[in-house]
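**Student:** These protein sequence lines are chains A and B, in that order.
Going by the numbering used here, the first residue of the first sequence is number 1, and it counts up by one from there.
Going by the numbering used here, the first residue of the second sequence is number 1001, and it counts up by one from there.
Derived from the structure by calculation, the hints contain no laboratory data.
Treat the numbers as computed from the prediction; the structure is a model and nothing was measured.
Below, a list of computed lysine-lysine pairs in the BS3-like style, where the Cα atoms sit at most 30 angstroms apart:
id, chain 1, residue 1, chain 2, residue 2
1, A, K51, B, K1042
2, A, K62, A, K51
3, A, K44, B, K1001
4, B, K1001, A, K62
5, B, K1001, B, K1068
6, B, K1109, B, K1042
7, B, K1068, A, K44
8, B, K1042, A, K27
9, B, K1042, A, K62
10, A, K27, A, K44
11, B, K1001, A, K51
12, B, K1042, A, K44
Covered stretches of chain A (in silico footprint by chain B; criterion: 3 or more residues with CB under 8 angstroms from a CB of chain B, positions within the stretch not fixed):
id, stretch
13, 42-53
14, 106-116
Glycine residues also receive a C-beta, built at the ideal position from the N, C-alpha and C atoms.
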Amino acid sequence: NAGVMQNPRHLVRRRGQEARLRCSPMKGHSHVYWYRQLPEEGLKFMVYLQKENIIDESGMPKERFSAEFPKEGPSILRIQQVVRGDSAAYFCASSPTTTGGNYGYTFGSGTRLTVV
Amino acid sequence: KQEVTQIPAALSVPEGENLVLNCSFTDSAIYNLQWFRQDPGKGLTSLLLIQSSQREQTSGRLNASLDKSSGRSTLYIAASQPGDSATYLCAAYNNNDMRFGAGTRLTVKP
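All chains, full assembly: derive it from the sequences and hints.
**Tutor:** This is the structure we're talking about:
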């Protein structure tokens, strides 16, 4: 079991470009969560998705950010027209059940986005 | 809305010392509480998961306790080692939502 896979590990974008971050959950996990970690800060919840559905996007900025988890393929976090303030580490976690159940969350290694 | 606080924000101890990291949460209706370790520039490694019905979990030199009624959890590290140096995060899980504290940055000096 390869765990939660995120790619790319590092991503550099110029202001105004688009950033696409990918997350493949653990095998058998159908629940995906995205978090953002700004330098020297804790993790902030962004969005919770199940296959083909957004369950909770209360932590997602209203503009420029979107997320999907299609029936086939990884979950994608998309940031349009990036700005310097988007520079952060973006982490994805997955769980097998709706409550994190007996297993808690498993995190990927993150994607570090740098906007120049 | 759940808020999670970790004290202290940073801690420096000499090797061999036993230490306690504190985590408090405002909403006691949690399903579970999870402790993670994060090394600089790296992802999160799960250390211990405590279900809401449990009071503590142990793994090697680590012991985590949970007191839902007071909204507190502690992570006890015995006989600390320089390799324990990292940021320790606690996270409380409610409905479809895991909230993190800002972490305690631990440095264990040889």
